[in-house]
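S.K.: Dock chain B against the given chain S, drawing on the hints supplied.
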Amino acid sequence: MTNLIEARGLSKSYGSYQALKSVDFSVARGKIVGLVGPNGAGKTTILKAILGLTSYEGELKVLGLEPDRQRHEIMQKVSFIADVAVLPRWLKVENALEFVTEVHPNFNLERAKYFLSKTNIPMKAKVKELSKGMVAQLHLALVMSIEAELLVLDEPTLGLDILFRKEFYNQLLTEFFDEGRSILVTTHQIEEIENLLTDLLFIRDGKIILDASMEEIADKYIEVMVSKENAEKAEALNPVMQRDVFGRKVYLFEGVSREELELLGELHSPSVADLFVAKMKEGK
Amino acid sequence: MTNITWNDQQPIYKQLKEKVIELIIDEEVCDGEAVPSVRQVAADYQINPLTVSKAYQELVDETILEKRRGLGMFVTESARDKLLESEKNHFLKVEWPKIMQKIVRLGLSTDKLINNKNENPEVQ
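Those protein sequence lines, which keep their order, are chains S and B.
Heads up: the first sequence runs through residues 79 to 362, numbered per the numbering used here.
Heads up: the second sequence runs through residues 96 to 219, numbered per the numbering used here.
Warning: the hint list may mix true and false statements.
Covered by chain S, according to a simulated footprint, are these stretches of chain B (three or more residues, beta-carbon under 8 Å) [said to hold, decoys possible]:
no., region
1, 102 to 110
2, 130 to 137
3, 141 to 147
Taking lysine-lysine and the DSS-like style, the derived pairs with C-alpha atoms no more than 25 Å apart in a straight line are [said to hold, decoys possible]:
no., chain 1, residue 1, chain 2, residue 2
4, S, 298, B, 109
5, B, 114, S, 244
6, B, 149, S, 244
7, B, 207, B, 188
Hint data in this document are derived by calculation from the structure and do not stem from the laboratory.
All values reported here derive from a predicted model rather than from experimental measurement.
All C-beta atoms in this analysis are idealised placements derived from N, C-alpha and C, irrespective of residue type, glycine included.
Isolated chain S (complex conformation):
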């Protein structure tokens, strides 16, 4: 089995509101996939469905299991960090370790202690005495000590300063990620992790509007800085977006060959943030 997640026609309605409109996507083993979309696009609903936290229609397999019926089995192989801190404030760090040891069959206590020994978090401290960054570190230490095949991260670095954010992904890469595991991550700070990703999923209004590997994206989406004389020629090639920079125009093209574009000006790869803006405006 190479796909850790496989969704076909995945749908979810809250009353008359359709949060997910029959989406198809998959996450292969060894990938780091970014799920990106504006607020209310359906990201959290997808994550909830994967974790078995909500009912859904359509077909969804996570590690070959069905989340709405086999949540218990899935939870043994899937880890999750949510954007909302869910550790009880009165809990001591050492109690948190004891608790997870008791409830999780795949938790490696020694590993967790090792991770914590590299931080400034005292074992005797209560969660409420820790800074926001420390709570995130504690979370990460717990989660990375679970022998999970799939890690789901929902805005894991929200509210953390840049040093903690870097350290967070640094830890993830040195201590957790390998070709046998996959990470699915949502974040609004996409520019910070775009080089980390292997694949990108854009979601808008409950639909997946982009599903591609970073290499495919680099081949397909090209930005060209065009001087005024060439503007007409560029526009004839149907750019998906244009913006002005220092009196020159920057056009974003989808699926136009490099050879053709090279005649117009200097080629660049768009940042994921620029691509996101373009795709969100498309057809609106």
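M.R.: Structure of chain B alone, referenced to chain S:
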């Protein structure tokens, strides 16, 4: 390896490969020495491990790096000489003609070019 700012005109693995070549030529990593692990480089630069592997793999294909089982990646014995040779070639064939063109276009004399260094000591 210290800081790199990636440009958006070339894939990152190409830029990383160039950086490794630079380090070898500058003898910051010498022939026969180990280069940092894929994992380490990925974490240091917050890039995907596959990107690092791809850069290393191209250098292996060009016999600049070699994989030693269980030990990691090492610079091959004659890597620096090989790189110097190919970099010199590249400079003479690709970069120098462009510089020449510009020199001709600006009408700069040999004398002016050579003595310029002394007039502007900060530009060397």
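S.K.: Give a verdict on every hint.
M.R.: Okay, the hints, checked on the actual structure:
no.	hint	result
1	102 to 110	holds (count 4)
2	130 to 137	holds (count 3)
3	141 to 147	holds (count 6)
4	S/298 with B/109	holds (18 Å)
5	B/114 with S/244	holds (22 Å)
6	B/149 with S/244	holds (23 Å)
7	B/207 with B/188	holds (24 Å)
Checked against the numbered hints given earlier, this structure breaks none of them.
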